[in-house]
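Protein chains in written order, with our numbering: chain U, 1 to 477; chain C, 1 to 477.
Possibly wrong hints are sitting among the right ones.
It does not matter which identical chain is meant; a pair holds if it fits inside one copy or across any two.
The calculated lysine-lysine pairs, modelled on DSBU-like cross-linking and capped at a C-alpha distance of 35 Å, are [as the list claims (entries may be wrong)]:
1) 56 to 200
2) 200 to 85
3) 105 to 85
4) 83 to 464
Keep in mind the hints are simulated off the structure, nothing from the lab. Please read these numbers as outputs of a predicted model, since none were measured by experiment.
2 protein chains.
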Amino acid sequence: MSDQKKFVEEITSRDVDFAKWYTDIVKKAELIEYSSVRGCMVIRPNGYAIWENIQKNLDERFKATGHENVYMPMFIPESLLQKEKDHVEGFAPEVAWVTHGGSEKLQERLCVRPTSETLFCEHYANIIHSYRDLPKLYNQWCSVVRWEKTTRPFLRSLEFLWQEGHTAHATEEEAREETIKMLNVYAQFCEEVLAIPVVKGQKTEKEKFAGAVETYTIESMMHDGKALQSGTSHYFGDGFAKAFDIQYTDKNNQLQYVHQTSWGVSTRLIGALIMVHGDDNGLVLPPAVAPTQVAIIPIAMHKEGVLDKAREIANSLTGFRVKVDDTDNSPGWKFSQYEMLGVPLRLEIGPKDIEKNQCVLVRRDTREKIFTPLSELSQQISKTLQDIQKDMLERARQMRDQNTHDAVDFDTLCKFADEKIGFFRAMWCGDVACEEKIKEEAALTSRCIPFEQEKIADTCVCCKKPAKSLVYWGKAY
Amino acid sequence: MSDQKKFVEEITSRDVDFAKWYTDIVKKAELIEYSSVRGCMVIRPNGYAIWENIQKNLDERFKATGHENVYMPMFIPESLLQKEKDHVEGFAPEVAWVTHGGSEKLQERLCVRPTSETLFCEHYANIIHSYRDLPKLYNQWCSVVRWEKTTRPFLRSLEFLWQEGHTAHATEEEAREETIKMLNVYAQFCEEVLAIPVVKGQKTEKEKFAGAVETYTIESMMHDGKALQSGTSHYFGDGFAKAFDIQYTDKNNQLQYVHQTSWGVSTRLIGALIMVHGDDNGLVLPPAVAPTQVAIIPIAMHKEGVLDKAREIANSLTGFRVKVDDTDNSPGWKFSQYEMLGVPLRLEIGPKDIEKNQCVLVRRDTREKIFTPLSELSQQISKTLQDIQKDMLERARQMRDQNTHDAVDFDTLCKFADEKIGFFRAMWCGDVACEEKIKEEAALTSRCIPFEQEKIADTCVCCKKPAKSLVYWGKAY
Numbered sequence: 001m002s003d004q005k006k007f008v009e010e011i012t013s014r015d016v017d018f019a020k021w022y023t024d025i026v027k028k029a030e031l032i033e034y035s036s037v038r039g040c041m042v043i044r045p046n047g048y049a050i051w052e053n054i055q056k057n058l059d060e061r062f063k064a065t066g067h068e069n070v071y072m073p074m075f076i077p078e079s080l081l082q083k084e085k086d087h088v089e090g091f092a093p094e095v096a097w098v099t100h101g102g103s104e105k106l107q108e109r110l111c112v113r114p115t116s117e118t119l120f121c122e123h124y125a126n127i128i129h130s131y132r133d134l135p136k137l138y139n140q141w142c143s144v145v146r147w148e149k150t151t152r153p154f155l156r157s158l159e160f161l162w163q164e165g166h167t168a169h170a171t172e173e174e175a176r177e178e179t180i181k182m183l184n185v186y187a188q189f190c191e192e193v194l195a196i197p198v199v200k201g202q203k204t205e206k207e208k209f210a211g212a213v214e215t216y217t218i219e220s221m222m223h224d225g226k227a228l229q230s231g232t233s234h235y236f237g238d239g240f241a242k243a244f245d246i247q248y249t250d251k252n253n254q255l256q257y258v259h260q261t262s263w264g265v266s267t268r269l270i271g272a273l274i275m276v277h278g279d280d281n282g283l284v285l286p287p288a289v290a291p292t293q294v295a296i297i298p299i300a301m302h303k304e305g306v307l308d309k310a311r312e313i314a315n316s317l318t319g320f321r322v323k324v325d326d327t328d329n330s331p332g333w334k335f336s337q338y339e340m341l342g343v344p345l346r347l348e349i350g351p352k353d354i355e356k357n358q359c360v361l362v363r364r365d366t367r368e369k370i371f372t373p374l375s376e377l378s379q380q381i382s383k384t385l386q387d388i389q390k391d392m393l394e395r396a397r398q399m400r401d402q403n404t405h406d407a408v409d410f411d412t413l414c415k416f417a418d419e420k421i422g423f424f425r426a427m428w429c430g431d432v433a434c435e436e437k438i439k440e441e442a443a444l445t446s447r448c449i450p451f452e453q454e455k456i457a458d459t460c461v462c463c464k465k466p467a468k469s470l471v472y473w474g475k476a477y
Numbered sequence: 001m002s003d004q005k006k007f008v009e010e011i012t013s014r015d016v017d018f019a020k021w022y023t024d025i026v027k028k029a030e031l032i033e034y035s036s037v038r039g040c041m042v043i044r045p046n047g048y049a050i051w052e053n054i055q056k057n058l059d060e061r062f063k064a065t066g067h068e069n070v071y072m073p074m075f076i077p078e079s080l081l082q083k084e085k086d087h088v089e090g091f092a093p094e095v096a097w098v099t100h101g102g103s104e105k106l107q108e109r110l111c112v113r114p115t116s117e118t119l120f121c122e123h124y125a126n127i128i129h130s131y132r133d134l135p136k137l138y139n140q141w142c143s144v145v146r147w148e149k150t151t152r153p154f155l156r157s158l159e160f161l162w163q164e165g166h167t168a169h170a171t172e173e174e175a176r177e178e179t180i181k182m183l184n185v186y187a188q189f190c191e192e193v194l195a196i197p198v199v200k201g202q203k204t205e206k207e208k209f210a211g212a213v214e215t216y217t218i219e220s221m222m223h224d225g226k227a228l229q230s231g232t233s234h235y236f237g238d239g240f241a242k243a244f245d246i247q248y249t250d251k252n253n254q255l256q257y258v259h260q261t262s263w264g265v266s267t268r269l270i271g272a273l274i275m276v277h278g279d280d281n282g283l284v285l286p287p288a289v290a291p292t293q294v295a296i297i298p299i300a301m302h303k304e305g306v307l308d309k310a311r312e313i314a315n316s317l318t319g320f321r322v323k324v325d326d327t328d329n330s331p332g333w334k335f336s337q338y339e340m341l342g343v344p345l346r347l348e349i350g351p352k353d354i355e356k357n358q359c360v361l362v363r364r365d366t367r368e369k370i371f372t373p374l375s376e377l378s379q380q381i382s383k384t385l386q387d388i389q390k391d392m393l394e395r396a397r398q399m400r401d402q403n404t405h406d407a408v409d410f411d412t413l414c415k416f417a418d419e420k421i422g423f424f425r426a427m428w429c430g431d432v433a434c435e436e437k438i439k440e441e442a443a444l445t446s447r448c449i450p451f452e453q454e455k456i457a458d459t460c461v462c463c464k465k466p467a468k469s470l471v472y473w474g475k476a477y
C-alpha cells in the first residue's frame with residue numbers, strides 16, 4: 001500500500017490548511033488547470049463532467065416548470081448597460097470592455113456580459129406586446145465575466161459558467177410566485193442531487209442584487225464552517241420594465257408594465273461539492289452527480305479470466321455509470337485514484353472472488369466493505385448508492401446543525417465569531433447600521449433572513465431595539 | 001382559410017427573392033431576433049431547441065468515439081495568439097479586443113476567442129508528458145467571436161455557437177485517422193439527422209484553415225444552388241506542437257512532438273436546415289431534429305370531449321415529441337403556424353373523427369393526408385416520421401444531383417456559372433493561378449477536392465496542363 005500512501009500524502013490535510021487542501025483537491029482530482037489568462041481556468045474533463053450532470057438535472061427541472069432555453073449575445077453596449085441606474089452601479093466597476101474589433105476602434109464600447117438582465121429586457125421590449133405574450137419564462141446557459149481582483153477556482157473566477165433565468169409576468173403576484181418557485185427548485189436540487197442542505201431566506205437590503213426589489217438566496221455551510229451563497233433568485237418588480245419600457249396591453253386594452261424575475265446558479269456549486277463532502281483522501285461525490293458511480297478494479301489482472309469477468313460485470317450493470325480500470329497501474333494506486341476522484345463505489349474483483357461468485361464493494365464515504373454475491377450485485381449497488389446519497393445529505397445536515405449557534409447579545413456573538421465556526425443566528429432590528437457594526441466588529445456578514453423564522457430574543461443583538469427578524473450571520477466565500 | 005392565406009402571404013416567395021425569403025423565415029418562425037449589438041443575434045426558443053437537438057445527437061457521437069468535453073477560457077492573451085504564425089495572420093484581423101477590466105487598462109490585450117487552438121495547445125503543453133497521456137481527445141461547446149463586416153443570421157454572425165474538437169496524438173497516422181473519422185461523423189450526422197447530403201473532400205491550399213497542414217470539409221447545396229461549408233476537420237501535423245512545445249516521452253524514452261487535429265460545426269447548420277428544406281410556407285424540419293414532431297390540433301375545440309381526446313392522444317404517444325395546441329386561435333391559423341415552424345406531422349382530431357375512432361395526419365413535407373384509426377396511431381406516426389426523414393434526404397440528394405454539372409473546358413465552365421445554379425465539377429492542375437482565374441472570371445470558388453475522384457477529362461479546365469484532380473466549384477455562403 002505504499003503507492004496509496006504516497007498518493008494521498010501529496011495533498012494537505014483538510015484540518016491543517018483548508019484553503020490549501022481545497023486547491024490541492026482541485027488540481028489533484030484534475031478538475032481544473034490554470035491558464036495564462038489571470039483568473040480564468042480550464043475546466044478539465046473530470047470537472048466538466050460534473051457540470052454536465054448538474055446542467056442535465058437542473059435543465060430537466062427548468063423545463064418541467066415551463067421554461068425554455070434561449071441564447072443572448074455575449075456583448076452589452078455601454079449605453080444599454082446604463083439604462084437601469086442601480087444595476088450599472090453594481091456591475092460597471094467589474095466588467096471587461098471590448099474597445100476594438102479587428103483593427104478598428106469601436107464607436108461605442110461593449111462589455112462582456114457580467115449578467116444579462118439588460119439584454120433580456122431589450123429583447124422583452126421587442127417581443128412582448130399583449131397579455132397573450134405572457135408569461136415569458138426564459139433561461140440561458142452561458143459563461144459570464146466579472147473582473148475580480150482575487151480569484152479561486154470555481155468560487156470566484158473572472159469567467160464562470162452558469163445559467164440565468166429571466167422571466168416576465170403580467171402581475172406582481174405571478175412574478176413573486178416564480179421567484180420563490182425557482183428558489184425552491186434550487187433548494188431541492190441541492191438537497192436531492194448534491195446532498196447539500198441549504199438555508200432558504202431573503203437577503204438584506206445591503207446584500208441584495210443590483211437592481212432587484214428583493215433577493216432570495218440558498219446558503220450552504222462548507223466543512224470549515226464558512227457560508228457559500230449557492231444560488232439566488234431575484235424579484236425585480238417593474239423597475240427594469242420602466243427603465244426598458246416593457247409594456248403589454250392587458251385584457252381591458254390598458255398598457256401595463258411587466259413584472260420580472262431572474263435567478264441563477266453557477267459552477268460555484270462544484271466548489272460547494274468539494275468543500276461540503278471532500279476529505280483527506282480527495283473528493284467525495286454524491287452518486288446522483290458523480291460522472292462515474294462505480295469503478296471496477298480487477299485484482300491480479302494478469303490471471304486468466306479476471307479482466308474478462310470485470311468487463312462482463314460492467315456490461316451487466318445497466319443503468320449505472322460504470323468504469324473498468326484496465327490500466328497497468330497497481331490496485332493500490334487505483335484505489336487511491338478513485339478515492340481522489342470521489343467515485344462513490346469501488347468494486348474489487350479478483351481470482352478468489354470469482355471462485356466464490358462474489359465481489360467486494362467499498363463505499364467511498366464510509367470505506368465500509370460489502371461482500372456481495374454476483375447474483376445480487378445490481379440490487380446491492382442500487383441500494384448502496386441510495387444509502388450513500390441519503391447518508392451524505394444527513395452527515396452534511398448534522399455538520400451544519402452542530403455548527404449553528406444562537407447568540408442573543410453582542411458580546412456572545414463576537415465571542416462565538418471568534419471562537420467557533422459556522423452559522424450564527426441572532427435577532428436583528430432591520431437597521432443597516434447594526435448590520436455594518438456586526439460586519440466590522442464580529443467580521444460576520446448577514447447571510448439571509450430565513451423563511452423559517454424563530455424568535456430567540458425580543459431585541460436586536462446589536463442595538464437592543466425591538467427585533468424584526470432572525471438572521472443567519474456567517475463568514476462567507 | 002383566409003387566416004392561413006394572410007399568414008403565409010407575409011413571407012416572400014422562395015423563388016422570387018431567396019435572400020429575403022430566408023430572413024423572413026428566420027423572423028417569422030421566431031428562430032432569431034436582432035439585438036442592439038451589430039451582427040449579434042438573440043437565438044429564440046424555436047431556434048435554440050433545434051440547436052439543443054443538434055448538440056445532444058452530436059455529443060453522443062463524440063462520446064461514442066471516445067471524446068471528453070472541457071471548457072477553456074473565452075479570452076486569449078495577444079502574445080499567446082501570436083505563437084503560431086499562420087494562425088495569427090488568419091485570425092488577428094477579425095478578433096474583438098478587450099483592453100480594459102473595470103476601470104483599469106490591461107497590460108496585455110486579450111482577444112475574445114475566434115477559435116481555441118492556442119488555448120488547447122497551451123493546456124496540452126502543461127498536461128502531456130508521457131506516451132501514457134496520449135491521445136487527448138477533447139471537445140468544447142462554446143461561443144466564439146469573429147468581427148465580420150457583413151452578417152446574416154446563422155450563416156455569418158459576429159458571435160456564434162459551435163463545438164470545437166481538439167486532439168493530440170502520438171503519431172501522424174493516428175492524427176490523420178482522427179481527422180477523417182470526425183469528418184465522417186459530421187457527414188453521417190448531416191445525412192442521418194439533418195437529412196442533408198454532403199460532398200466530403202479536401203480544401204485546396206488556398207482555402208485551408210490558418211495553421212493547418214490539411215483541411216477537410218463537408219459541402220452541402222442550398223435550394224438556390226449555393227454551397228454551404230457545413231463542417232471542417234483539420235490535420236495540423238506537428239506545427240502547433242513545435243510552436244507551443246508540446247512534447248512527450250515515448251516508450252523508448254525519446255522526446256517527440258505530438259500530432260494534432262481540430263474539427264468544428266456551428267449554428268450555421270440551422271441555416272443549412274432552413275435553406276435545404278424550407279418552402280414558401282416556412283420551415284420544413286426533419287423529424288430527427290424537430291423540437292416538436294407532432295402538433296395535435298383539436299377541431300371544433302368547443303365541442304365536448306374534443307380537447308380531452310386530443311390530450312388523451314398526446315399522453316398515449318410516448319417516445320415522440322408531441323404538442324397539443326389548445327389556444328383559442330382558429331384551426332386554419334394553427335395549420336399555418338405549424339407549417340411555418342416546420343413541424344413534420346400535424347394531427348387533426350374533431351368530433352367526426354372521434355365518432356369514427358380515427359384522426360387525420362398531415363405530412364409537412366408533402367401535405368399528404370393520412371386517415372388513421374386511433375388503434376394504429378403510434379405505429380403509423382412512427383412509420384410516417386421515418387418516411388419523412390428518408391424522403392427529405394432523398395429529395396435533397398436529387399436536387400443536388402440534378403444541379404451538379406460537369407465542365408471540361410473553361411468557356412463551358414464560365415457559361416454554366418453564368419446560366420446554371422449548383423455545383424460545377426471540373427478537372428484542375430493543382431495550380432493556385434488557375435484557382436484564382438476561375439474565381440475572377442467565373443466567380444466560382446473551389447469547394448473541395450472530393451474523396452470520390454473521377455476523371456472527367458485529362459487536362460485542367462483552365463490552363464489545359466495535365467489535371468491532378470477533380471474539383472467541386474461553386475458559389476458559396
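Structure-based check of all given hints:
no.: 1; hint: 56 to 200; result: both (23 Å within a copy, 34 Å between copies)
no.: 2; hint: 200 to 85; result: within (28 Å within a copy, 54 Å between copies)
no.: 3; hint: 105 to 85; result: both (27 Å within a copy, 24 Å between copies)
no.: 4; hint: 83 to 464; result: neither (41 Å within a copy, 64 Å between copies)
The structure shown violates just one earlier hint, number 4.
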